[in-house]
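J.: Chains as they are written, first to last, in the working numbering: chain A, 4 to 583; chain B, 4 to 583.
Keep in mind that the hints were calculated from the coordinates and are not lab data. The structure presented is a predicted model; accordingly, all values stated were derived computationally and were not measured. Warning: the hint list may mix true and false statements.
Repeated chains share a single entry, so a pair holds when one copy, or any two copies, can fit it.
Stated by the list, open to error - The calculated EDC-like cross-link candidates involving lysine to aspartate or glutamate, where the alpha carbons are at most 16 Å apart (straight line), are:
| id | residue 1 | residue 2 |
| --- | --- | --- |
| 1 | Lys326 | Asp347 |
| 2 | Lys148 | Glu242 |
| 3 | Lys148 | Glu238 |
| 4 | Lys326 | Asp345 |
| 5 | Lys523 | Asp229 |
Protein chains: 2
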Amino acid sequence: MTYLYNDPVQFADECIDGFVAANSTFVRKVHGGVVRASRTPTGQVAVVIGGGSGHYPAFAGLVGPGLAHGAAMGNLFASPSAQQIYRVAKAAAGGAGVLFTYGNYAGDVLNFDQAQARLIAEGIPCRTVVVTDDISSASEPESHKRRGVAGDLAVFRAAAYAAERGDDLNAVWTLANRANEHTRSFGVAFSGCTLPGASAPLFTVPEGRMAVGMGIHGEPGISEQDLPTAHGLAELLVEGLVHARPATLDSSAGARVGVILNGLGAVKYEELFVTYGSVSTLLTAQGMEIVDPEVGELVTSFQMAGVSLTLFWLDAELEEAWKSPAYTPAYRKGLVNRQDVDRDLITIVDVVEDAILPSSAASRASGVIVLDSIRAIKNMIDTNVEELGRLDSVAGDGDHGIGMQRGASAALLAAEDAAAHEAGAGSILSKAGDAWADRAGGTSGALWGLALNAVAAEVGDVAAPTATVLASGVTAALAAIARFGKAQLGDKTMVDVLSPVAIALTESAEHGLTARDSWKSAALIAAEAADATSQLLPKIGRARPHMEKSLGSPDPGAVSLALAIDAIAAVMNSQQKVSQ
Amino acid sequence: MTYLYNDPVQFADECIDGFVAANSTFVRKVHGGVVRASRTPTGQVAVVIGGGSGHYPAFAGLVGPGLAHGAAMGNLFASPSAQQIYRVAKAAAGGAGVLFTYGNYAGDVLNFDQAQARLIAEGIPCRTVVVTDDISSASEPESHKRRGVAGDLAVFRAAAYAAERGDDLNAVWTLANRANEHTRSFGVAFSGCTLPGASAPLFTVPEGRMAVGMGIHGEPGISEQDLPTAHGLAELLVEGLVHARPATLDSSAGARVGVILNGLGAVKYEELFVTYGSVSTLLTAQGMEIVDPEVGELVTSFQMAGVSLTLFWLDAELEEAWKSPAYTPAYRKGLVNRQDVDRDLITIVDVVEDAILPSSAASRASGVIVLDSIRAIKNMIDTNVEELGRLDSVAGDGDHGIGMQRGASAALLAAEDAAAHEAGAGSILSKAGDAWADRAGGTSGALWGLALNAVAAEVGDVAAPTATVLASGVTAALAAIARFGKAQLGDKTMVDVLSPVAIALTESAEHGLTARDSWKSAALIAAEAADATSQLLPKIGRARPHMEKSLGSPDPGAVSLALAIDAIAAVMNSQQKVSQ
Chain A
4 MTYLYNDPVQ FADECIDGFV AANSTFVRKV HGGVVRASRT PTGQVAVVIG
54 GGSGHYPAFA GLVGPGLAHG AAMGNLFASP SAQQIYRVAK AAAGGAGVLF
104 TYGNYAGDVL NFDQAQARLI AEGIPCRTVV VTDDISSASE PESHKRRGVA
154 GDLAVFRAAA YAAERGDDLN AVWTLANRAN EHTRSFGVAF SGCTLPGASA
204 PLFTVPEGRM AVGMGIHGEP GISEQDLPTA HGLAELLVEG LVHARPATLD
254 SSAGARVGVI LNGLGAVKYE ELFVTYGSVS TLLTAQGMEI VDPEVGELVT
304 SFQMAGVSLT LFWLDAELEE AWKSPAYTPA YRKGLVNRQD VDRDLITIVD
354 VVEDAILPSS AASRASGVIV LDSIRAIKNM IDTNVEELGR LDSVAGDGDH
404 GIGMQRGASA ALLAAEDAAA HEAGAGSILS KAGDAWADRA GGTSGALWGL
454 ALNAVAAEVG DVAAPTATVL ASGVTAALAA IARFGKAQLG DKTMVDVLSP
504 VAIALTESAE HGLTARDSWK SAALIAAEAA DATSQLLPKI GRARPHMEKS
554 LGSPDPGAVS LALAIDAIAA VMNSQQKVSQ
Chain B
4 MTYLYNDPVQ FADECIDGFV AANSTFVRKV HGGVVRASRT PTGQVAVVIG
54 GGSGHYPAFA GLVGPGLAHG AAMGNLFASP SAQQIYRVAK AAAGGAGVLF
104 TYGNYAGDVL NFDQAQARLI AEGIPCRTVV VTDDISSASE PESHKRRGVA
154 GDLAVFRAAA YAAERGDDLN AVWTLANRAN EHTRSFGVAF SGCTLPGASA
204 PLFTVPEGRM AVGMGIHGEP GISEQDLPTA HGLAELLVEG LVHARPATLD
254 SSAGARVGVI LNGLGAVKYE ELFVTYGSVS TLLTAQGMEI VDPEVGELVT
304 SFQMAGVSLT LFWLDAELEE AWKSPAYTPA YRKGLVNRQD VDRDLITIVD
354 VVEDAILPSS AASRASGVIV LDSIRAIKNM IDTNVEELGR LDSVAGDGDH
404 GIGMQRGASA ALLAAEDAAA HEAGAGSILS KAGDAWADRA GGTSGALWGL
454 ALNAVAAEVG DVAAPTATVL ASGVTAALAA IARFGKAQLG DKTMVDVLSP
504 VAIALTESAE HGLTARDSWK SAALIAAEAA DATSQLLPKI GRARPHMEKS
554 LGSPDPGAVS LALAIDAIAA VMNSQQKVSQ
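Assemble the whole structure, with the sequences as input and the hints as a guide.
T.: Written out as structure tokens, the structure is:
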């Protein structure tokens, strides 16, 4: 269990604050994570890692010379938002682009990909190496589908090594990618873990049993058996990995291996050393030469009991990377440069909060409607939060209502703050979107942040938005959602609602309708689309939707989107100042 | 619980082996522990630490530049033997003497003191700083009685800093001692811990409760309360320590403090960081300036759930020590010298096993009797193991029989090995004593090792031992036991048996009796003394002692010693070759 916390909701944020306080000579806090205390040298690729919290020292503990330039830190076991990742990357970037590298989990991929697109759109080159070392999570031919676990360290080290010797982004990507291809991990679990304030474990393993291949968030393993001896476990892990030797290695490679015996949290150092004694003997008997083994906690899963073994088949260049110096809060090795350690020589990162861009009076006037719309959406969600949760509990984990509520509340606060600082309509939307994605969590939070930012980019802070601008904004939002959510029309998602809305808005604008009128008709179309999707919403806006579990498995995201579009229509309708 | 182990009895040894395999570039294994891989420079004081296993990274993980030169590693939660400590110190010593520093626990004090006496007897200067930082274990006026916990790190760092800058032994002692005076810790526990293979926890804390001041081996705390929030705990710990500010500090000292927030095992990093956030704020509000805080696992108690907070009130010199570089398996900081890190530059320690000294034929002939005597003792213990355990269960933990059996069996193997390598009587006794102390564990194991070595020193490897030699050997053994066991005549311990035996042997020798005859009468005296002590042994040697719980609380060590003396008398009696 988790013993020490305050408000469970604040746990991850307080963890970052405490981590930064404890490591102020190593890192600086930025919105959404941490970066090295020292500015990335001009011309050096920045390596940005990240993922959910609860895996310390992954990820914040691995920021520093020889490892990452920055880490985006999400909530417990939840991906950081695209906005968080983007801002960490912006703070870390040194002019030669950014390499993203992180473990392969759907939420992380979604958010890192969004952040990458945004960086590229701003002219900052960005490439990604997703770590896929966990052999239990997919077969060798589908190794790209594997999850990333403690092999993260091998890939991060290779990326940092290439970046720090001055490689360009493509070369950094190439070495990190090769490190991933040369790395395989195999893990087991003996217990589940319980998050702060939770009354029950997130997942469990029966006492005296071992879940072979269980993931670090409790993802199902490949088998279960009685807990073996330490030596028996070493045999299992070594044998599994020897057979998982990457097919792409030529036969001469890999006589020398980096080794990580990683504890997941509740298995203590003494146990790891007893087990490592056998691992070392067994690998040596296989003819392998072990280089700089790591035995300890590198990628944990809170207080989960379990271990994983990682083999990193080395070639000459990867061995140099593996042996190179590093100096981070949780991983230090060899001798780094004095300017990386000596506080007086460090070039401190300047963390600048985003300034509010200048705006026109017309845009600020439209901003009032934007603000009212966001408030209306928040009120709508507050009213329907239980209903949305109930709807989500049919197919999902029932947190859609709560997540939307958290996102909308944060969005409203951010929008109010921006408006108070004389932001234009576009900036208000953008700040609201960022806050929404930041606080809502989950896929829908990320998609809402994306959608609002897409609209914001079209709206801007100069002119009052026309019907045409709204149409192109919604069209852009649709494209972003479809791309990052990997959803197509007919999948019964937000796309099914937004697609006819975008078409209708475009047609309305072409026919010269005002923004208010075109949005009003769009709201009806959205209701119909959501109805078609969920078969649940006969009359949006007139009565609270009658949501019944019995009618299949509607996407709650589509429903809440339609409700939101209707709420905006109501605001527009009541406004006298709608442009045109 | 402990998940990974093989034979629980081998756990600590296998842990050392695995640790050394994982850290072969940092440390070398010696008998009883580890030393730095690099030889201690000539003229540098060697800092030797140690204690029971189960506290990683204490103690082996703290061996390296900037910290210890060597660590003696005992069994789980059990002191290393004097022999282990002695040998680690011998391997670590660099010609300028040895500073012992370790946490204040009775078993550790007993064994380190013995090792210190032996080093000094060999001409190696040795001094000791016992760490006493745990404010819950005694009041400030009796602070010398306090236990040592995570404050170990502060004291070890100061000792290493002084040693490495070239201070002589007294100066190293002075700075380490001052560090101890400037260091206070306060801890809490939320759960017990379960050792490898144990069916029940060694100690427990009720669920949802917190044992304030509980020690790292489950020593009772000062109170119990409901588990607070992380912030509430931070308040408790900070307030406790602020009030425990050392009285000896002058008022100007200590505006700057080193801080250690130490996890005991089951409390994970994220929880520690959340708690540290509050600790940092609260200390700052007290006007303290935090210098290089450490948040993590520094002195653990296996998988016990708990934390401790340590304050190290700094003066200028202690701050330099605290901030100085270090490079060990588990503690690395700043930039050490290249020759401390670069494998090619390291001057490797030569680990030499003790050679068998040359011996005379006469001494080897006596060695046969020594060997037979040790075998007789072993057989006597095997026969009485349950009885001795039962006797111990009255006043102790019932493991006296098992401990004696382990010690005697190991002693016999070592003696046989020595005899097979042509050792003389003295060396056979010495090897037997070392093995006994090594394997028996507990206080009586240490005392037996001490006694056998004291006799061995008198017997030597040249002449056959006379009655006079035996008398002076036993007298020396008595003195050693009394001194290190801190027992006096009348305390009903081994001293009560050995004291009249030593007198009788001395008188017999003065009256010209043979060794055999003088020992024979000594055995009767021993039986009487043990009888007087335990009131349980009417006729040793003729019938198995009739041991009854009902007659009070005899010392099982006194009983087994008398039985052993009787067993030796029987061997001597049956020998034709007894010298004079």
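J.: Would you mind marking each hint as holding or not holding in the structure?
T.: Tested hints:
Taking the closest pair of Cα atoms, lysine 326 and aspartate 347 come within 16 Å of each other only across two copies (14 Å); inside a single copy the shortest separation is 27 Å, beyond that limit. For the identical chains of this complex, lysine 148 and glutamate 242 are neighbours neither inside a copy (22 Å) nor across copies (51 Å), given an alpha-carbon limit of 16 Å. Proximity of lysine 148 to glutamate 238 under the C-alpha cut-off of 16 Å is found in neither arrangement, the shortest distances being 26 Å within a copy and 47 Å between copies. Only between protomers do lysine 326 and aspartate 345 lie at most 16 Å apart by alpha-carbon distance; the minimum there is 11 Å, versus 22 Å within a single protomer.
Within a single copy, lysine 523 and aspartate 229 get their C-alpha atoms no closer than 63 Å, and across copies no closer than 57 Å, so neither meets the 16 Å cut-off.
Hint compliance for this structure: hints 2, 3, 5 are broken, all remaining hints hold.
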